[in-house]
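**Q** Protein sequence lines, in the order shown, are assigned to chains A and B.
Sequence positions in the first sequence follow my numbering and run 22 to 740.
Sequence positions in the second sequence follow my numbering and run 2 to 675.
Do not take every clue at face value.
List of simulated lysine-lysine pairs, DSS-like, C-alpha gap at most 30 Å [said to hold, decoys possible]:
| # | chain 1 | residue 1 | chain 2 | residue 2 |
| --- | --- | --- | --- | --- |
| 1 | B | K142 | B | K446 |
| 2 | A | K104 | B | K270 |
| 3 | A | K347 | A | K382 |
| 4 | A | K199 | A | K382 |
| 5 | B | K142 | A | K510 |
| 6 | B | K633 | B | K613 |
Just so you know, the hints here were simulated from the structure itself, not pulled from any lab data.
Bear in mind the structure is a predicted one, so any value in this text is a computation, not a measurement.
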Amino acid sequence: MAEAEAEAEAPKPRPRPIVRLGIFLIAHSLLLSVVCCTAGILTLLLLPVLAKNTYISENALMPGSANSMLPGQEVSEANRLVKDLTSLDLKPVGGGIESQRLIAEYMSDLGAEVSYHRFYPQSNQFHPLHFLSYPESGTIRENVSCSLHGLNTVGIIRAPRGDGKEAIVLVTPYNSGKIGPGEALSLGIAYSVFSLLSRVTWLAKDIIWLAADSKYGEYAAVDAWLSDYHMPVFNGLGALNAEMCHGSNILNELKDDSFTERKICDGFRRAGTMAAALVIKVADRSEQFENSLSIYAEASNGQMPNLDLINIVNFLAVHRQGLQTKVEKMWSLLNCKWLKILGEILESLGHVARSLNPQWKFGIPAADYAEGIATLASSLYYQALGVPTGPHGAFRDYQVDAITLEISSGVFSNDKVKQNDFLLRGGRLIEGVIRSVNNLLEKFHQSFFLYLLTSPSKFVSVGVYMIAFALLVAPLPMVAASLYIDAHKLDPSYENDKSTPPASAAEKFGITFRSCKWLNAAKKVFVVHLWGAVVSLLPYFVCQIPSCTPTISFVVWVSLSILSLLILYLILGFPFSYVNASSQSQNRDWALLKSVTISAAFIGLCLMSVINFSTAEIGALLLVPMCLMAQPLKLDVKARILRNFSRVACNLALGFIGFPPAAFFVLKGVFEGFGGISVGYFWNWLETIWAWNSATYLYIGMVHLPCWVLCIHVLFHPC
Amino acid sequence: MTHLPRRTVYPFLLLLFQILFSAIAFGSVLREAGEEEFSEELLLRPLPDRKVLAHFHFETRAPSSLSDSYGRHHHLFPKAIAQLVQKFRVKEMELSFTQGRWNYDQWGGFDPIPSSNAKPPGVELWAVFDVPQHQVDAYWKNLTHTLSGLFCASINFLESSTTYSAPEWSFQPSSGSLRYGTLPREAVCTENLTPWLKLLPCRDKAGLSVLMHRPSIYRGFYHSQRLHLKSSQFDSGGLESGIVLEQTLTVVLQPNSQSTSKTYSIETKLQPSWSLSSIFGRKVTGRCVLAKSSNVYLQLERGLVTELENLQMENVISRADNMGSEGLRSNPGFELSVKPDRVFKEVNSIYSKSSSVLCEYSIVKYSDSEPFDLGLTWKLPVVWSCQQAPLHASRFLMGSGNERGAIAISLTSTELNEGFLGANTVEDRCKLQVDIFQVVPWYIKVYFHTLQVFVDGQPQGLTDVVEKMHVSPSEDKVSPGVMELVLKFPCGVKSATLTLEFDKGFLHIDEYPPDANQGFDIPSAVISFPNFLASTHYLEENSLTKTPMLSKFQEKSLVLSYTEVLLVPLTTPDFSMPYNVITITCTVFALYFGSLVNVLRRRVGEEERLLKNRAARKAGRLPQLLSKLSAKLRGKECESPQSSSASSSFSSSKLILKVVIVAGIAIFWQFYSK
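Take the sequences, apply the hints, and build the full model.
**A** Here it is in structure tokens:
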């Protein structure tokens with residue numbers, strides 16, 4: 022078509038094919054955007070069908086090739102520990118230290134090097150400058166209160182013939198104040214494995230068992246230990262703290278304890294570079310989840326551990342220990358009608374395809390499909406949130422692959438046999454995983470780091486899930502270009518029609534005039550983005566207000582944001598200076614503004630996809646239709662046709678859902694029911710996001726919100 | 002007459018023989034000092050953490066070749082080593098193969114055994130050459146290749162100048178002719194032990210080396226085989242001339258304890274009893290007949306002796322006997338299966354009040370029928386601790402990520418320091434000297450100016466602590482960085498930490514070793530304490546000639562300790578898909594540079610003019626010619642006015658033709674490849 026046009030205007034030079042293709046696409050941007058967006062959403066929904074089965078990529082891992090060595094003897098010892106721990110809980114005299122002492126005793130009886138690690142929990146403070154950077158140790162620890170401290174117990178087994186360059190970490194978080202039955206069992210599992218590993222000869226890497234004191238949160242304990250492991254402070258701040266605090270004598274108390282011959286080392290013990298870490302938990306859940314294993318893998322900013330780690334756990338749990346593995350899913354999605362229908366359609370399509378050619382094997386059962394979508398949605402959500410789903414997240418910050426294994430058991434009764442069996446199974450699973458990682462000569466690098474799970478044994482790799490995002494984002498630059506060209510069309514009859522052919526030859530005078538216009542729109546967009554940055558910095562000041570309920574904080578924040586928008590509006594002045602301009606120029610004005618907005622959204626989304634893909638994906642789902650649809654309501658209302666009214670409705674709906682708090686409440690309402698939603702929830706949610714230094718917060722503040730404001734501005738543009 | 006001479010001849014001959022024999026005998030007595038000697042010894046020492054240290058010590062001496070009447074031949078001394086010394090003019094050399102880590106906390110770090118036998122994992126080689134400075138490197142390279150062949154190890158990798166260094170003074174005082182290199186990743190196995198055993202005159206066929214049952218010595222927790230060579234051949238006027246070859250094998254073994262159950266009764270706290278046959282699986286069936294002396298020693302450490310004496314004090318009412326050989330044999334703590342031949346007690350130990358005890362067993366009298374099997378049975382649980390180096394050194398990496406990091410060496414004081422230096426704290430001037438020698442490969446780009454020292458948690462000025470410093474920065478792909486430090490700490494120091502920051506470098510793709518994703522090693526740092534000299538004097542009951550082991554104990558050796566090997570993860574290319582990476586990179590580059598060049602060299606005005614010209618001429622030359630040709634072929638006259646449409650149709654047909662040809666080739670290819 023473009024060719025024909027080029028032919029028609031005979032004296033014009035024929036541009037290069039790539040340029041012609043570009044012009045062609047820009048000319049049909051409306052069709053393109055509709056097709057691409059639909060395809061993007063469809064691809065996203067097709068991901069469970071496209072998912073591949075996981076496989077163990079690194080041959081050196083050899084999971085399950087060796088027989089499990091864990092004997093019943095260790096398990097009975099572990100049982101004793103569990104009993105001791107639970108009985109400790111009954112008598113409240115010891116305070117917090119008794120459990121640590123008990124665990125240390127058990128560790129040192131195995132010949133391990135034992136040390137205590139004391140840490141102070143950190144308050145969730147919003148530090149605007151600490152985003153995406155590691156908190157510098159020493160700077161944050163100024164205001165610690167002495168009474169609040171946790172005490173981790175660390176045991177290290179040195180590999181008999183190893184060179185001590187690498188280590189595998191076992192973490193068992195437990196609340197030292199009150200040890201639940203699940204926590205005691207998880208300590209029991211770790212102990213049984215630890216005692217086995219203290220005797221085996223095949224160990225090549227050191228084993229660190231960290232019994233993390235989760236009095237102040239599981240993550241905080243592990244993170245404090247890791248930061249002391251990797252970034253210790255020497256300049257005496259820690260020592261000063263210890264002197265200041267009266268609690269420091271606890272350590273001494275622990276040391277000159279009854280066991281004189283056991284050496285509990287003071288000081289921090291280390292063991293080489295960490296190869297992998299396993300966090301072991303036992304869920305206190307009801308009977309229906311008996312013998313299942315949940316894997317949590319998402320770390321901060323949507324980082325995932327190497328897929329091989331999940332694979333070996335899954336392989337060993339399913340094929341060796343007979344546990345049923347699970348990854349988190351959105352349960353509410355499972356009962357969705359439309360998902361079932363979609364699943365059935367895909368299943369029947371698969372049948373049809375198979376009947377045509379038996380080689381084509383796509384299409385999965387509808388139930389599997391719904392499960393896959395539910396898992397995928399939760400995988401996307403947790404990655405997008407950028408908040409780690411467990412203590413394993415702390416390891417990822419130091420480039421250590423880690424996952425949390427939550428084993429569920431129905432045994433909290435005094436059924437000895439069942440408990441033994443449970444400990445044996447759990448212990449053998451951990452032993453197998455450690456043995457596999459121990460086999461590994463290199464660090465995990467063979468398998469995927471960028472993936473989404475659709476079930477414990479199925480994954481979508483980056484090459485596949487990129488397609489959905491790329492399709493969603495692709496129309497943005499095209500539409501921006503087309504709008505830009507449209508706005509420059511001098512012919513007023515082409516104003517609303519987007520499929521106009523591009524203007525080619527241009528007069529020089531017009532170019533300068535238009536570039537000015539373009540700059541005006543860019544200025545506006547820039548100002549709004551600046552405002553977005555200000556808005557995302559405001560919580561720092563809002564947090565300073567003492568004794569604030571979340572609702573009040575949120576209201577203050579919103580009002581401050583609006584105020585700052587007004588101030589910016591007054592200072593920098595939204596360009597209504599050319600009021601004398603004709604309506605045509607006004608028309609052009611909104612088109613240009615939309616074009617620049619779309620470009621900004623495109624750039625923002627692409628940048629975000631590099632940092633956290635899932636955020637970009639979800640953001641694109643919300644942002645792209647809104648940006649593409651946005652058109653002044655005045656124009657549509659003037660036209661008074663059904664089509665235009667439907668567009669108005671669409672625009673309003675998209676504009677509503679595009680507002681971050683609105684989107685949050687709608688999603689929350691859909692998944693958890695609308696009952697008892699208050700404005701404060703959003704504030705709390707944001708607080709967790711920024712407390713975890715999630716890039717999602719930056720995205721919401723500096724990409725999503727400004728784009729939404731600009732779209733609303735376009736919607737209410739006075740044409 | 003004829004009978005007489007015969008009668009007189011016999012006695013004469015007899016006399017002559019006698020004289021000859023006695024002369025030979027006398028000569029051999031005279032030559033005793035210059036004769037080659039071999040001695041074999043084994044030291045056993047129970048360790049506090051329920052393990053047993055076994056230290057084999059073989060020493061071979063050869064007289065100087067100048068005074069050697071045999072010329073190039075040797076009786077006992079291994080010829081390979083003698084040739085090596087001759088050829089490379091080695092003054093002193095030490096080669097060690099080690100597996101596992103020496104546990105300085107539990108196994109001690111102060112006496113002569115750990116300070117000279119605790120080695121870093123892998124291979125360590127250092128040598129001093131007696132050649133001019135400029136030839137040292139060449140000799141070193143040749144030496145590494147020779148040793149590599151001799152010991153079936155990849156010592157030849159030390160040839161590259163990036164792997165070895167020349168410490169000036171911190172490692173061993175030498176005048177620039179010392180070279181030092183380590184291979185931390187070298188795996189040690191029997192293939193290294195066999196050539197080492199071949200250097201012994203009896204190999205492992207007789208004598209103490211029979212005990213070296215491979216499965217049992219490689220099952221241990223620490224295994225270090227060492228070869229130390231000292232030659233004074235090239236010294237003019239040296240007192241003791243010749244070559245001394247010292248071969249040691251140090252293993253730490255865990256005796257199999259019968260009661261594996263961990264019931265917390267008293268019997269588990271009891272140390273496991275052991276005997277030679279239980280830890281090695283063999284017995285000594287006699288000495289190596291070529292050995293001048295072959296002895297087995299059992300050493301009881303100071304801490305253990307003190308504990309035993311305490312036990313004795315408790316039982317003193319029941320039995321009053323001295324700590325003689327009988328006392329040792331029937332002491333309350335343990336029981337020995339064989340009565341020692343001699344017992345030595347340590348004299349004038351400087352650093353602790355108690356003294357260690359050494360029992361000697363001469364194995365001359367044992368034979369196949371009556372093998373020597375020393376056993377030690379514990380009767381009471383005894384807990385003691387080893388004597389440790391003044392400061393416990395550990396080294397670790399700080400930071401994470403692929404960009405930068407820091408090396409930290411932390412030194413914490415041990416009881417010895419507290420005990421010994423506590424007495425001296427009256428003097429303010431009391432200083433504890435610590436020498437640190439650290440080699441860093443070039444791809445770890447250490448910034449030496451970032452050296453920070455913290456003493457007891459307080460940052461210290463470098464000038465306050467650092468007495469002497471020698472730094473040679475690394476040169477990319479040429480030489481490693483070397484840091485030698487002499488630090489002086491106040492005696493009451495509790496802990497000290499040194500940090501050094503570094504950037505991680507990039508390697509060329511062919512410089513990556515196999516398994517590059519494991520990371521890269523930083524060799525052990527050597528920490529030595531020149532204030533302390535490890536030596537143990539044993540009071541000999543009957544002062545016969547000193548055996549090499551005893552003289553080794555008396556030698557004043559530096560207290561040395563090695564730190565851990567560190568593993569630094571570096572950025573590693575994805576070796577599994579170089580093709581993909583190259584393709585995508587090339588595509589991106591081509592797109593970028595292509596468009597850039599296009600933009601730069603295109604002149605829009607010129608192009609437009611050209612196009613206008615062409616439009617004026619309606620069509621290019623080639624299509625015009627072609628159309629003319631086709632017209633001629635068709636036998637019609639050229640219709641130049643319509644040529645534009647004709648040429649376009651012609652070009653489109655040409656295009657179709659091209660497409661058809663390509664498709665044909667593709668189909669053919671597809672067909673052919675199937």
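**Q** A separate judgement is required for each hint: does it hold in the structure or not?
**A** How the hints compare with the structure:
1. B:K142 - B:K446: 25 Å, holds
2. A:K104 - B:K270: Holds, at about 23 Å.
3. A:K347 - A:K382: 25 Å, holds
4. A:K199 - A:K382: Violated, at about 53 Å.
5. B:K142 - A:K510: 78 Å, violated
6. B:K633 - B:K613: 29 Å, holds
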